[in-house]
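Protein chains: 2
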Amino acid sequence: MLLAYGGQEFEDVRVDKEQWPELKPKTPFGQLPLLEIDGKQYAQCIAICRYLGRKYGLAGTTLEEDLLIDQNMDFFNDIRMKAVAANYEPDEKVKAAKLEDLKKNHFPFLFSKLDEIIKENNGFLAAGRLTWADFMFAGVYDALKMFTHIPDLDEKYPSFSKLRDTVRSLPKVKEFCESAPKTDF
Amino acid sequence: MLLAYGGQEFEDVRVDKEQWPELKPKTPFGQLPLLEIDGKQYAQCIAICRYLGRKYGLAGTTLEEDLLIDQNMDFFNDIRMKAVAANYEPDEKVKAAKLEDLKKNHFPFLFSKLDEIIKENNGFLAAGRLTWADFMFAGVYDALKMFTHIPDLDEKYPSFSKLRDTVRSLPKVKEFCESAPKTDF
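If you read the protein sequences in the order shown, they are chains W and X.
Under full-length UniProt numbering, think of the first position of the first sequence as 1, with each following residue one higher.
Under full-length UniProt numbering, think of the first position of the second sequence as 1, with each following residue one higher.
Hints are computed from structural coordinates only; laboratory data are not their basis.
Be a bit skeptical, because a hint or two may be false.
The list treats identical chains as interchangeable, and a pair is accepted whether it falls inside one copy or across any two copies.
[Unchecked claim] The calculated lysine to any residue pairs, modelled on SDA-like cross-linking and capped at a C-alpha distance of 25 Å, are: (1) Lys-55 x Leu-35; (2) Lys-172 x Ala-143; (3) Lys-145 x Gly-6; (4) Lys-104 x Gly-30; (5) Lys-172 x Glu-116; (6) Lys-104 x Gln-31; (7) Lys-113 x Leu-34; (8) Lys-103 x Gly-30.
All chains should be built: construct the whole structure from the sequences, respecting the hints.
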């Protein structure tokens with residue numbers, strides 16, 4: 001979505017489960033996503049989004065504004081990582097207990113804080129306007145929602161799906177999303 | 001350590017367990033560490049380190065170099081977060097199983113990759129020279145070592161403790177570390 005926003009010509013390579021074992025050892029850290037520029041590979045999704053954001057005018061205008069974007073991005077990512085970790089629990093009992101603990105003791109505070117942040121920033125994640133952090137949010141929100149197992153998350157916090165839609169409605173991004181291959185989580 | 005390196009006058013406030021419940025709701029996300037500048041609070045340790053690093057000439061000189069610093073920092077932080085998550089498991093059996101799985105199936109690849117990165121970068125985490133990412137590494141390495149429960153981690157990968165010591169030996173940092181209050185993990 002950031003590459004499309006930036007008007008950058010690029011190849012959108014999707015990797016399926018069958019291809020992954022062969023590709024994995026050739027990646028920097030055995031992980032996806034990857035950004036390849038002139039044959040050089042870069043890993044780590046937030047680092048990649050920050051880089052593309054700075055390239056396409058979606059970063060802060062001062063060091064302090066960049067700090068606030070990074071701060072709110074990392075707060076959002078903390079929530080995401082909690083949900084991901086619980087979902088990848090191999091033991092079903094442990095997984096259920098962890099999800100229950102998150103729903104009861106952590107998500108209410110974290111999501112209402114996130115909602116507050118988005119409201120304070122005119123519907124964006126930081127800086128009161130569109131930044132690269134919003135692209136990261138829009139890119140992972142649906143997966144996060146699934147991982148929380150809170151089916152009415154959109155209704156509880158309308159600011160979340162609204163932000164996702166704001167990013168996905170940007171003309172070049174919309175065009176990209178409509179033509180991009182659909183892949184399952 | 002970054003504030004000391006930058007020659008910035010600052011107050012080093014340590015918070016003990018008794019003070020935390022009162023302070024927690026007054027922080028941006030209910031978390032430490034915090035950086036307070038002229039009454040304004042900033043949270044999220046990596047975001048704070050990146051900000052101070054850019055301020056004190058410890059960032060990249062190009063967008064691509066910043067991307068590599070961020071990439072390697074986030075890779076290191078992934079390792080740290082895996083170790084932290086296992087250690088904070090409330091159930092002792094689950095904790096032991098997780099630590100065993102990390103030691104057997106994840107740490108060997110992750111630590112040898114980290115070792116390779118540091119060797120390729122002249123003993124630093126990225127960019128072949130001192131950056132803010134090395135301060136983050138030096139600040140948390142001893143805690144990470146404890147969390148891995150690998151007592152001979154220093155001996156297995158001498159590049160790790162060497163990098164920590166490189167940062168801690170920088171004159172202004174050394175002076176700060178020697179006079180700083182000692183706190184337990």
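Here is what the structure says about each hint:
1. Lys-55 x Leu-35: Result: close within a single copy only, 14 Å intra versus 28 Å inter.
2. Lys-172 x Ala-143: within (22 Å within a copy, 45 Å between copies)
3. Lys-145 x Gly-6: neither (27 Å within a copy, 42 Å between copies)
4. Lys-104 x Gly-30: between (34 Å within a copy, 17 Å between copies)
5. Lys-172 x Glu-116: neither (29 Å within a copy, 40 Å between copies)
6. Lys-104 x Gln-31: between (32 Å within a copy, 19 Å between copies)
7. Lys-113 x Leu-34: between (31 Å within a copy, 17 Å between copies)
8. Lys-103 x Gly-30: between (31 Å within a copy, 17 Å between copies)
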